[in-house]
Amino acid sequence: MSQQPSATVAGATPTPETRQKKSAARFDANPAKAGWLTKLVLVLICFLWMVPLFGTFVTSFRTVNAADTSGWWTFLGSLDELTLDNYREALQGSDMGVGLINSFAITLPATFIPLLVAAFAAYAFTFMEFPGRDFLFLAIVSLLVVPNYVAFVPMLQIYDTLNLNGTFPAVWLAHIGFGMSLAIYILRNYMATLPMTVIESAKVDGASHFQTFWRLVLPMSVPALAGFAIFQFLWVWNDLLVALVFIGPGDNAPVTQQLSQLKGQFGQGANLTTAGAFITMLVPVAVFLALQRFFVRGLTAGAVKG
Amino acid sequence: MWIKMFNALLTVLYGVGAALIIYWALNKLAELLPAKLEERLKPYFYILPAYLAISVYLLYPAIQTVINSFQDRTSEEWVGLQNYSDLLSSAAFRDTLFNTVLWMLVVPAATVVLGLAVATLADRLKPSTEKLTKTIIFLPMAISLVGAAVIWDLVYAVRPAGQPQTGLQNAIVTVLGFDPITWLQESTLHLNSFLLMLVLLWAQVGFAMVLLSAAVKGVPVDTLEAARIDGANERKIFFQVVVPQIKGTIITVFITVLISVMKIFDIVFVMTRGNYNTNVLGNEFFTQLNTNFNNGAAAAVVVLLMVAVIPVMFYQVKHFKAEEANA
Chain H
1 MSQQPSATVA
11 GATPTPETRQ
21 KKSAARFDAN
31 PAKAGWLTKL
41 VLVLICFLWM
51 VPLFGTFVTS
61 FRTVNAADTS
71 GWWTFLGSLD
81 ELTLDNYREA
91 LQGSDMGVGL
101 INSFAITLPA
111 TFIPLLVAAF
121 AAYAFTFMEF
131 PGRDFLFLAI
141 VSLLVVPNYV
151 AFVPMLQIYD
161 TLNLNGTFPA
171 VWLAHIGFGM
181 SLAIYILRNY
191 MATLPMTVIE
201 SAKVDGASHF
211 QTFWRLVLPM
221 SVPALAGFAI
231 FQFLWVWNDL
241 LVALVFIGPG
251 DNAPVTQQLS
261 QLKGQFGQGA
271 NLTTAGAFIT
281 MLVPVAVFLA
291 LQRFFVRGLT
301 AGAVKG
Chain V
1 MWIKMFNALL
11 TVLYGVGAAL
21 IIYWALNKLA
31 ELLPAKLEER
41 LKPYFYILPA
51 YLAISVYLLY
61 PAIQTVINSF
71 QDRTSEEWVG
81 LQNYSDLLSS
91 AAFRDTLFNT
101 VLWMLVVPAA
111 TVVLGLAVAT
121 LADRLKPSTE
131 KLTKTIIFLP
141 MAISLVGAAV
151 IWDLVYAVRP
161 AGQPQTGLQN
171 AIVTVLGFDP
181 ITWLQESTLH
191 LNSFLLMLVL
201 LWAQVGFAMV
211 LLSAAVKGVP
221 VDTLEAARID
231 GANERKIFFQ
241 VVVPQIKGTI
251 ITVFITVLIS
261 VMKIFDIVFV
271 MTRGNYNTNV
281 LGNEFFTQLN
291 TNFNNGAAAA
301 VVVLLMVAVI
311 PVMFYQVKHF
321 KAEEANA
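Protein chains in written order, with this note's numbering: chain H, 1 to 306; chain V, 1 to 327.
Please note that a few of the clues may not be correct.
Said to hold, decoys possible - Label-pair restraints from in silico Cβ distances:
1) V:113 with H:200: 44 to 52 Å
2) V:126 with H:198: 31 to 39 Å
3) V:291 with H:33: 51 to 59 Å
4) H:82 with V:323: 51 to 59 Å
5) V:3 with H:129: 14 to 22 Å
6) H:64 with V:126: 20 to 28 Å
7) H:293 with V:236: 30 to 38 Å
8) V:80 with H:248: 29 to 37 Å
9) V:275 with H:92: 26 to 34 Å
Unchecked claim - Think about it this way: if two alpha-carbon atoms lie no more than 27 Å apart in a straight line, the pair counts; the simulated DSS-like pairs of lysine-lysine are:
10) V:36 with V:126
11) H:33 with V:236
12) V:236 with V:247
13) H:39 with V:247
14) H:33 with V:36
15) V:236 with H:39
16) V:126 with H:39
17) H:203 with V:247
18) H:33 with V:247
19) V:4 with H:39
20) V:236 with V:126
21) H:263 with V:4
22) V:131 with H:33
Unchecked claim - Only part of the chain V face toward chain H is listed, based on derived beta-carbon distances under 7 Å:
23) 21
24) 23
25) 43
26) 71
27) 72
28) 152
29) 275
30) 313
31) 320
In case anyone wonders, no lab produced these hints; they're calculated from the structure.
Just so it is clear, CB atoms sit at the ideal spot from N, CA and C, and this is done for glycine as well.
Given the sequences, and given the hints that come with them, work out the whole structure.
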């Protein structure tokens with residue numbers, strides 16, 4: 001999300017799971033076939049989607065002079081002007097190498113810590129009866145839409161007294177707090193689809209809640225856990241605002257913030273900013289492409305009504 | 001610098017480990033209690049840490065922000081409604097509000113329409129091609145909006161007339177014989193705001209497409225076939241059979257995008273800094289906080305955002321309750 005397509009998913013998707021089984025049985029889901037017009041439209045859209053990305057890719061390998069005096073689409077005419085210098089310059093001269101480490105240092109804890117905390121809460125909401133349960137869960141649902149902007153001014157003041165501004169824990173904790181309601185929501189909706197009978201028979205066999213959670217529910221919830229983990233990873237890695245507010249310029253800045261600074265420098269060549277852009281997107285795009293299946297499943301399954 | 005990385009990994013281990021130990025301890029603590037009390041209290045122990053995080057980072061700040069919005073720039077003196085009246089009486093801020101509303105009107109609707117179009121059309125391709133198409137449209141979702149801004153700069157870039165253009169749009173414009181246009185400064189009819197919206201659209205349509213695609217595939221084939229047997233054409237099937245059945249998902253996607261658009265910050269901040277009449281609430285907040293160092297005004301901007309979100313919140317809760325009732 002990017003300013004991520006933000007942290008709210010409420011849902012009403014009919015279960016894709018059952019449908020997939022059906023479509024495997026009858027080997028094509030949709031009997032309607034694409035005509036040439038459909039194909040043309042889709043090819044056109046895909047082309048439009050990829051052109052800016054391709055232009056960025058090409059520009060990141062061009063010399064300052066080439067990038068400044070001709071369009072990237074002319075690069076085939078000047079292949080000898082292609083270079084790796086931009087990446088070297090961005091990584092070393094502009095410190096984006098350090099920024100990459102910072103991004104990892106910010107993102108990893110902010111992704112994994114909320115998972116477990118949210119999983120426990122989701123378990124309680126799904127498999128335990130207690131007074132106030134519905135109310136407390138509705139609170140989560142309504143908090144999904146509260147903009148995280150509310151936290152900035154008050155937390156800056158608190159961090160100031162704790163001397164936390166500019167440090168990694170300041171961002172970790174913020175992301176853990178911001179991601180919590182969505183995590184609980186997604187995990188709870190997923191857990192509600194688990195077969196109740198299995199959990200009940202574990203109870204009959206004398207398993208405690210802790211054991212049921214740890215040995216049964218957590219392993220069964222892996223798709224939703226993976227889905228949320230990827231979502232949170234992309235969201236934290238790509239975040240700019242939280243980093244700008246709580247970390248600010250300096251040694252701990254993540255790559256998104258460095259790229260924003262790089263772009264803000266007057267007269268900065270497109271060759272360098274595009275190389276910077278590719279450095280920032282390498283990790284999330286790799287994660288995305290490798291784990292797309294889980295991501296999509298988490299996104300849709302989380303939105304599925306249990 | 002590898003120390004940072006090492007520390008991060010340690011933090012993951014410690015964080016997850018500590019969380020586990022806390023839960024284990026809470027669990028043990030509950031088990032020490034009489035059985036009856038244990039059953040009663042355990043659920044609260046399980047949700048306690050999560051609610052602690054939410055209370056510290058959302059509930060308390062929300063209240064504190066409302067308080068701050070009635071105080072001066074350093075949150076020391078009470079100033080009543082001063083921050084609000086200052087903001088609302090400024091013509092620039094009214095433009096900012098108008099721009100934000102423009103984003104809210106255009107982007108969510110456009111995202112849903114485009115996402116649904118791609119989802120529906122791609123559903124007719126053979127599975128391997130469908131997957132490739134969807135990956136291409138979905139990919140920008142993994143790219144930060146800062147990155148997207150840099151990428152789209154190559155589309156909107158401008159060079160003085162007579163020089164070779166480096167921006168795609170101006171290359172086309174000059175080939176057609178017109179003078180190059182400084183796209184991002186062209187605020188006539190809010191052209192530049194629309195161009196910024198295009199960047200967000202590029203980034204978010206994939207998200208809409210993925211959810212809508214799952215919904216489209218979930219429409220029972222029987223209903224499609226029945227309509228076909230009754231002689232309905234594809235257009236009619238789409239609008240009268242498919243759309244009504246996926247209405248829930250359409251609304252969900254619409255609301256999700258709407259909320260993120262209300263808070264839009266990165267694109268505007270990186271591409272125009274809110275200049276040339278492209279400012280929006282998110283960027284105004286950051287300007288007040290980081291450039292003007294005015295906590296009061298920044299908090300007032302956030303309160304306006306919160307007020308705008310309240311109807312969505314009510315809808316969300318109502319929608320959720322209806323869903324639960326159907327379960």
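Right, here's what the structure says about each hint:
Checked against the hint of 44 to 52 Å, the pair residue 113 of chain V and residue 200 of chain H passes, with Cβ atoms roughly 45 Å apart. A beta carbon spacing of about 37 Å between residue 126 of chain V and residue 198 of chain H agrees with the range 31 to 39 Å that was offered as a hint. As the Cβ distance of residue 291 of chain V to residue 33 of chain H is approximately 56 Å, the hint placing it in 51 to 59 Å holds. The supplied range of 51 to 59 Å is met by residue 82 of chain H and residue 323 of chain V, whose beta-carbon atoms lie about 54 Å from each other.
Between residue 3 of chain V and residue 129 of chain H, the C-beta spacing of about 48 Å breaks the proposed range 14 to 22 Å. Remark: the range hint 20 to 28 Å for residue 64 of chain H to residue 126 of chain V is contradicted by a beta-carbon distance near 45 Å. For the pair residue 293 of chain H and residue 236 of chain V, the beta carbons lie near 34 Å from each other, so the given range of 30 to 38 Å is met. A hinted range of 29 to 37 Å holds for the C-beta pair residue 80 of chain V and residue 248 of chain H, which are about 31 Å apart.
For residue 275 of chain V paired with residue 92 of chain H, a C-beta distance near 32 Å keeps the hint of 26 to 34 Å intact. Between residue 36 of chain V and residue 126 of chain V the alpha-carbon distance is near 58 Å, which puts this suggested pair outside the 27 Å criterion. Among the hinted pairs, residue 33 of chain H with residue 236 of chain V is consistent with the structure: their alpha-carbon atoms are about 16 Å apart, no more than 27 Å. At roughly 16 Å between alpha-carbon atoms, residue 236 of chain V and residue 247 of chain V fall within 27 Å of each other, so this suggested pair holds.
Annotation: proposed proximity of residue 39 of chain H to residue 247 of chain V holds, straight-line Cα distance about 26 Å (limit 27 Å). A threshold of 27 Å between alpha carbons decides the hint, and for residue 33 of chain H with residue 36 of chain V the separation of about 62 Å lies outside it, so the pair is violated. For the given pair, residue 236 of chain V sits about 20 Å from residue 39 of chain H by alpha-carbon distance, which is consistent with the 27 Å threshold. The suggested pairing of residue 126 of chain V with residue 39 of chain H holds, with an alpha-carbon distance near 11 Å, which does not exceed 27 Å.
Restraint check: the Cα-Cα separation between residue 203 of chain H and residue 247 of chain V comes to about 39 Å, which exceeds 27 Å; the hinted pair is violated. Straight-line distance between C-alpha atoms of residue 33 of chain H and residue 247 of chain V comes to about 24 Å, which keeps the hinted pair within the 27 Å bound. Restraint check for residue 4 of chain V and residue 39 of chain H: not satisfied, since their Cα atoms lie roughly 49 Å apart, outside the 27 Å limit. Pair hint residue 236 of chain V plus residue 126 of chain V holds up; C-alpha atoms about 23 Å apart against a cutoff of 27 Å.
Taken as a hint, the residue 263 of chain H and residue 4 of chain V pair is honoured in the structure, with Cα atoms around 26 Å apart against an allowance of 27 Å. Pair hint residue 131 of chain V plus residue 33 of chain H holds up; C-alpha atoms about 16 Å apart against a cutoff of 27 Å. The interface hint given for residue 21 of chain V is broken, as the beta carbon of that residue sits about 11 Å from the closest beta carbon of chain H, more than 7 Å. Satisfaction of the interface hint for residue 23 of chain V is found here, the shortest Cβ-Cβ separation to chain H being roughly 6 Å, below the 7 Å cut-off.
Because the beta carbon of residue 43 of chain V sits about 4 Å from the nearest beta carbon in chain H, less than 7 Å, this interface hint is met. Nearest Cβ of chain H to the Cβ of residue 71 of chain V: about 10 Å, over the 7 Å cut. The hint is violated. The beta carbon of residue 72 of chain V is not positioned within 7 Å of any beta carbon in chain H (closest approach about 13 Å), and the interface hint is therefore violated. Against a cut-off of 7 Å between C-beta atoms, the interface hint on residue 152 of chain V holds, since the closest Cβ of chain H lies about 6 Å away.
The criterion of a C-beta within 7 Å of any C-beta in chain H is not met by residue 275 of chain V, whose closest approach is roughly 12 Å, and the hint is violated. Hint on residue 313 of chain V holds. Least Cβ distance to chain H is approximately 5 Å, under the 7 Å limit. Interface restraint check: residue 320 of chain V against chain H, minimum CB-CB distance 5 Å, threshold 7 Å, status holds.
Hints 5, 6, 10, 14, 17, 19, 23, 26, 27 and 29 from the earlier list are contradicted by this structure; the remaining hints agree with it.
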